[in-house]
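Residue numbers (this note's numbering), protein chains in the order written: chain Z, 1 to 348; chain W, 1 to 359; chain C, 1 to 346.
Don't take every hint at face value.
To be verified - Just a few of them, taken from the derived set where beta-carbon distance is under 7 Å, the chain W residues facing chain Z:
1. 77
2. 104
3. 109
4. 111
5. 117
6. 118
7. 119
8. 121
9. 131
Stated by the list, open to error - From the derived model, a few chain W residues whose C-beta atoms are all more than 10 Å from chain C:
10. 15
11. 23
12. 40
13. 85
14. 86
15. 92
16. 99
17. 113
18. 219
19. 220
20. 298
21. 311
22. 328
In short, the hints are calculated from the structure, not lab data.
Virtual Cβ for every residue (Gly too), placed ideally from N, Cα, C.
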Amino acid sequence: MSEFFSGRRETEALTDGEPVTDQLLDQVGEDAERDSQALADQVRRQEAEAAASEQLPVSGARPRSLLGDAWYELRHRPIFWVSSVVIVAVLAIAIFPNAFADVDETSSLTGGCNFDNYLQPPSSQFWFGTDQLGCDVYSLTIFGARPSLAVGLIASLLTVALGSAIGVIAGFYGGWIDAVLSRIVDIFFGLPLLLGGIVVLTAISFPSIWGVVFVLVVLGWVSAARLVRSTTIEAKGQDYVMAARALGASNSRIMWRHVLPNAIGPSIVVAVIGLGVYIGAEATFSYLGLGLQDPDFSWGTMISSAQEVFFQAPWTLLFPAGFLTLTILAFILMGDAVSEALDPKRQK
Amino acid sequence: MAVFESDPVLSESDPVLKVVDLAKDYPITRGILFRKQIGTVSAVDGISFELPRAQTLAIVGESGCGKSTVGRLLVGLERPTRGSVFVDGVDLATLSPKALLAKRRDIQIVLQDPYTSLDPRSTVRKIIGEPFDIHPSALPKGKTKKAMVGELMDRVGLNPEFANRYPHQFSGGQRQRIGIARALALRPKIIIADEPVSALDVSIQAQVMNLLMDLRDDFGLSYVFVSHDLSVVRQIADRVLVMYLGRLAEIGSEPQIFEHSTHPYTQALLSAVPVPDPQHQRERESITLGGDLPSPAAPPSACRFHTRCWKAQEICSIETPLPRQLLGEGHLVACHFAEERSMIGTAAGGGDQAQRREP
Amino acid sequence: MSRAVRKTAGAEGWTGPLLSVEDLNVQFKTRDGLVRAVNGVSFELNAGETIAILGESGSGKSVTAQAVMGILDMPPASIPKGSIRLKGRELVGLSEKDYREIRGTQIAMIFQDALSSLNPVISVGEQIAEMYRLHDGLSRSDAKTAAIDVMQRVRIPAAAQRFGDYPHQFSGGMRQRIMIAMMISQRPQLLIADEPTTALDVTVQAQVMELLAELQRDSDMGLILITHDLGVVADVAQRITVMYAGRTMEQGTVDEIYDQPANPYTIGLLESIPKLAETVERLPAIRGLPPNLLQVPPGCPFHPRCPLAQDVCRRDPRPPLETVSEGHVSSCWFAKEVHARGGLRV
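Take the sequences, apply the hints, and build the full model.
Quick look at the structure:
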């Protein structure tokens, strides 16, 4: 052996021990703002790596917590910002309708509606016109946002919670548990949402929005379950799960600490897209007269009652339908953005 | 290292690990709800060895030979179909589940792929600290988990300041150091290293090898080093076990295997290792095996190597050769026609005077 | 074997090198800036010759191969400078249509991972036969005969029976043979093998390398071997280019590079591989990590890891390729001194 590279224990350990970023940063001499700068630098570097098909020694410094990960990706997507603006606006309307309109004008009971104003076209007094009861369509649209959104939010949260729980159990334990659960999923998968909903809602009556929520959850959890089952099976087979097992980790620890965080991503996408879909489904049931019942109302019930007078007064339909479409679109676009942000292929 | 005063057991001459007739069959099943077994894959079949304290036993062989399965059986990731594993003379099969969990602390594993063996959603601190979450009693008194993680990182050559980073922010070699720190955390007596440097670049490979050798010397660790790379094995191993299709082909000390190999398969493996020396490479004897590794689901009869062996006679497909001592003490070979043959030159420059090619 | 007459696209009676790459630069445009993956790489290859491009991950060896093959995604990749000539014909700037004609018929490439390079739902025989139907215009039955023929040439046992088998039914070594069969079916003049044996077991590795060498001898094709494995190269290549961080570090004949390397990086690589024939207390490792291609250190890219580094190494310009002996060049300010030491074995 020549004198080259004779064993030098300290140096090699020290040099290899520092992540490359910092070596580089030190060279460039940007000690100030080190952390934020390092992050930004690394993050941009990631793309470069994907491009240069030979792998670089160190990949980017994006955070790897689930939310941090998604957030980083999302920030760079215009679609995310556009849909966020719409969603925030609709949420604000749903949470604080009083800030946007006066409650009295939506209720014929409190005298807010006036038959004298029967089917007035949009004007400076009635921005969206009035309906056949003489109620202000603008106020109705504002106050209709809450039930519509509430149905979407609650239904998609429950759907994903139920679906993920079942999916994770089926995928993680496998064997006969998986076999039984998967058959149940298959059965539910065969039930058409609309038809099933009509049957259930006709047979049983529920208070307020709960009927629709019930139907959507019972018929909707399967897609989340299927998805989470397959991502769980994938995560379960990873080496880091084996490593945890070799340390003696219990099943529940492995499931909660290692499998779930790595398997849950796609079901978040399902939840966001589901939000839009469920808002639409609520409108559909309400349109069919099976959703919300008087005195509750939503965009769906408004569209339903507008059909009678659509040709005379298209505004009664167009405004709630426009809000509905815009909201659904925003959630679906958001789901797309989130899905790309969480795409495992981008996380090499 | 103050943290890691080794246990005062080194005077014992008993092997730290003893494996007797270890076997693992995997069932091949069909059907979902009602499983029906339609066959078995015998992944490991009757492997026995002893691992002395502070030594390294290497298990070598080609993919599918069962070497990784042996590693997994040893750390308890798989349950053996047959055979016993003794750690410090205690048969693991006789322990209660609780005692077994405690005993398992003594055997830890380092996995091959530094990119997939670390949870991408955990920080380095969480990854290296996880052993202490699972075995709280392993945390030395008066030490915090955080401090221990820092010391471990320092020991494997990582800057403890980076404990809050995620695995993907490190290079392959650094990640492998993280994996080693995690395995070290419980102060094991034995580390199963499953191809720990195969995924690394040449220049990084040597760094990690040196680290493993330092740790062995400093903590009196014993390694079961699973690898397909004979050059790497030669540097680290004290004893070498050559496996073919789940069975032992040859076992012996490092010099016995590398300089006095007697099994045709060992000889073929040695001759196939590419040597970074053109002159030597051209001159040395080469044995090119015909064919592929047979499927472990349908292994050849008797000696499983007979389908690819140039020495095979009729007896090889009829009678299974049992491991026997041919040359030195502790050097066992499972072959009817075992014969010593030098496969590698003594020095890098010397070349090899042996005949050019197998007839 | 029936075979359609092939039109030769190269110049008739060409006597120069089969392939000449001159001052090749490849860069990738990224959000972050320019990644200069290949920086002024030059080499020549004659018919019937094997050269190796050796380097670790990130060295630019695969990008070089992809540039020659014309399979870089442009953009983000671009070739701002340099030339790649196949029998005198310039390939840089060639239209995709013209390139497609060259690929497969004149230049072919095999990859490390044969399984993902083969279509999993089409039988391997069909996939090979398709090459004949596509490029040679053979009929279905003639193509099948030709495919079985070439499968036999790469020594797939019972080729005719296995014609209808799918890629997953073959072992790793057999799949690599199938890839090779597909690639040589068109009798290319140049074959690029990107880590062809890295995924294979040692005993199978030897078979595949032997096969490649034999096919090359028979057909007089030029072979470029892209690899990180100094051992594989030693046996088959005549000349070697050692790359680091997108640059040529050293170039020369196999014997020169291994016996009398003139670059500290090459020496470091050679020394850090564990040797089969000897044991050492500690492996002489190269300290540190390879650089990030976005921020390659100024001067010699290897200087942060080099035990010989002086001030001159730390500043631009980077050391030019200095000739240390006939056909042996090294990019190091101390190339002559390093070379004079006699390299490893003294």
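Verification of the supplied hints:
1. Hint status for residue 77 of chain W relative to chain Z: holds, with the closest Cβ pair at about 6 Å, below 7 Å.
2. For residue 104 of chain W, the shortest C-beta to C-beta distance to chain Z is roughly 5 Å, which falls under 7 Å, so the interface hint holds.
3. The criterion of a C-beta within 7 Å of any C-beta in chain Z is met by residue 109 of chain W, whose closest approach is roughly 5 Å, and the hint holds.
4. Given the 7 Å rule on beta carbons, the hint for residue 111 of chain W holds: about 5 Å separates it from the nearest Cβ of chain Z.
5. Taken as an interface hint, residue 117 of chain W checks out: its beta carbon lies about 4 Å from the nearest beta carbon of chain Z, inside 7 Å.
6. Checking residue 118 of chain W against chain Z by beta carbon gives a least distance of about 6 Å; that is within 7 Å, so the hint holds.
7. Taking 7 Å as the C-beta contact cut-off toward chain Z, the hint placing residue 119 of chain W at the interface holds, the least distance being around 4 Å.
8. The beta carbon of residue 121 of chain W comes within 5 Å of a beta carbon in chain Z, closer than 7 Å, and the hint placing it at the interface holds.
9. Proximity of residue 131 of chain W to chain Z holds as hinted, the smallest CB-CB distance being about 5 Å (cut-off 7 Å).
10. Every C-beta of chain C lies more than 10 Å from that of residue 15 of chain W, the closest at about 23 Å, which supports listing it as non-interface.
11. Even its closest Cβ contact with chain C, about 23 Å, leaves residue 23 of chain W beyond 10 Å, as expected for a residue assigned away from the interface.
12. No beta-carbon of chain C comes within 10 Å of the beta-carbon of residue 40 of chain W; the shortest separation is about 21 Å.
13. Its beta-carbon lying about 27 Å from the closest one in chain C, residue 85 of chain W satisfies the requirement of being farther than 10 Å from that chain.
14. At the 10 Å boundary, the C-beta of residue 86 of chain W stays outside the reach of chain C, the nearest C-beta of that chain being 29 Å off.
15. Chain C leaves residue 92 of chain W outside its interface by the beta-carbon criterion, the shortest separation being 31 Å against a cut-off of 10 Å.
16. With a least beta-carbon separation of about 39 Å from chain C, residue 99 of chain W lies farther than 10 Å from that chain, consistent with its non-interface assignment.
17. Chain C leaves residue 113 of chain W outside its interface by the beta-carbon criterion, the shortest separation being 13 Å against a cut-off of 10 Å.
18. The non-interface label for residue 219 of chain W is consistent with chain C: the shortest C-beta to C-beta separation is roughly 17 Å, beyond 10 Å.
19. With a least CB separation of 18 Å from chain C, residue 220 of chain W remains clear of the 10 Å interface cut-off, as annotated.
20. Every CB of chain C lies more than 10 Å from the CB of residue 298 of chain W, the least distance being 13 Å, so the non-interface label holds.
21. For residue 311 of chain W, the non-interface assignment is confirmed: its Cβ lies about 15 Å from the closest Cβ of chain C, beyond the 10 Å cut-off.
22. Under the 10 Å C-beta cut-off, the non-interface status given to residue 328 of chain W relative to chain C holds; the minimum distance is some 18 Å.
No hint from the list above goes unmet by this structure.
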